[in-house]
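Trainee: Read off the chains here:
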Amino acid sequence: MLRVEGVDVSIQAVQILRSVTLELPTGSVAGLIGRNGAGKTTLMKSIMGLLKVSRGAIGFDGADLLARPVHARARMGIGYMPEDRRLIPDLTVQENLLVPAWAAKLPDAAARLEKVYQLIPEIRHFAPRKGLQISGGQQKLVAIGRALMCGDRLLLLDEPFEGVAPALAHRLVEVVGNLKKEGMSMILSESDLQHSERMVDRIIVIDRGAVSMKN
Amino acid sequence: MRPDRTPWVLGAILAVLLVVGPFAPLWVVFPVTIAIAKGLVALGLMILLRCGLVSFGQALYYCIGAYTAGMLGRVFELDGVFTLMLAGMAVAAATAYVLGFLLARYRGIFFGLLSLAFSMIFYGLLVKSETLGSTDGFNVLPSTLFGIRPADEWVRYAVLAAASSVAFVAALLVHRYLRTPLGSLAPAIKDNEIRVEYMGASARYAIHVKYVIAAALAGLGGGLAATTVGHIDPEMAYWTVSGEFVFITILAGTGNVIAPFLGALIFEGIRNVAFAVSPNTWQMVLGGALLAVIVFLPNGLWSLFRRGRAA
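Here the protein sequences come in this chain order: V and X.
Its first residue numbered -10, the first sequence is counted upward by one per residue in our numbering.
Its first residue numbered 139, the second sequence is counted upward by one per residue in our numbering.
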């Protein structure tokens, strides 16, 4: 269970999130919906620890997340896929997938990699290619796979459907749907409900840094 | 997957040095030994450079290694070449461990200048210290190999043999380290540190570890230089010496653990020849060589081998 309570976040003295409160029960999928600049990415980064929370509390399965640095949160099984994919251009796709395993010193890296390949089989085909040699949509698939390497309890997917061709977006919806069937907790952000509507259990609407929940 | 040939090549280089060493003239043995000492420092810098950090103060640890070796001889009359090198390495690593808590917080130009500042502080302390010979420094005891003092004509070879053996082990260990999870993270840290954080690694911790390893190698090189030259002075901590190490690392490239040693050897070669040919403008020749490498081989001399393999 992820619990965010009364969280305020400011970036360079501009308040972005205002008393954000939400809950995400284990195994459920939430769509974080809002316009550009509403605070979707800020909220995800705050949960991940990439932005400092000025007030409020964030808890995950009973643990106080704010007391832990970013890398410790990743090691708790929280995976984050940033909006801009951010693959390492000089490493191969497989190495990109293995970076979280190296970073978090995962003992079962091979098994996790195999699971990613099973969930998203197309990645296996371009695994030996360098990060810069694959298309934007393929990078998005790899970025989800990479988030899955660490994130076996909660996935934060920032705009997974943004900027990809319709066919690939459809494929991404399938991948997320399969993850949901496996019982993964997820928050995925989107500017509207175009892709996520059918698969989410709850909708978190965010506007000008304030959220309202809908079930 | 391509077989890993680096350990074999390293072993072959060691064998050549050990076999050819006794027959090589003194004017070859001495610069090669010094190149190994500087190559060790550059090997450490390579580890830092692979994750995007340039230390302009590696001479601090080079000098600490040298003064540790010198002081052990002076105070405790220790003269075993391996003992002196390892002690230099240990003191440098311990110093870097402490300073690393501060330095690992900084990146880019701030990291470079802060490391430079520490080396210049040490230089200033040594210059002011009368008991350590001030600017003149002091002589280091002639070293022994496993308690045996080699005959005069064998001293240089004995130091070369010890240096190449130690460098072989160091290069092999660094080669292994670069393939461990922490070592493999270097390109990821260089590319985007925040990303490494949200994948589960503390970039600051990783950089701290790399900084200590780099300092240990510089201390090892410093201890070796002290026993090879037989004299130490504060100039070893001066910023121009740090600049030399950065020069060698960029000249060599970061592609392989052999590269820093090759770079150091070529650096020493160019410097000696340039100094002999034109004593007043030798720096210009070195500068020209570095410019040529940057323009034609932006990834350093090692990219020549990469290209050869790709063709």
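Calculated directly from the structure, the hints in this document are not laboratory data.
Certain hints may be false.
Here are some chain X residues pointing at chain V (derived, C-beta under 8 Å) [what the hints assert, rightly or not]:
1. Val265
2. Lys266
3. Thr269
4. Leu270
5. Gly271
6. Thr273
7. Phe276
8. Pro280
9. Leu316
10. Pro319
11. Asp329
12. Ile332
13. Glu335
14. Gly338
15. Ser340
Here are the computed lysine-lysine pairs in the BS3-like style, where the Cα-Cα straight-line distance is at most 27 Å [claimed, not checked]:
16. V:Lys41 with X:Lys266
17. V:Lys94 with V:Lys119
18. X:Lys266 with V:Lys94
Where is the CB? At the ideal position from N, CA and C, for every residue including glycine.
Trainee: Looking back at the hints listed earlier, which ones does the structure fail to meet?
Mentor: 1, 2, 3, 4, 5, 6, 7, 8, 9, 16, 18
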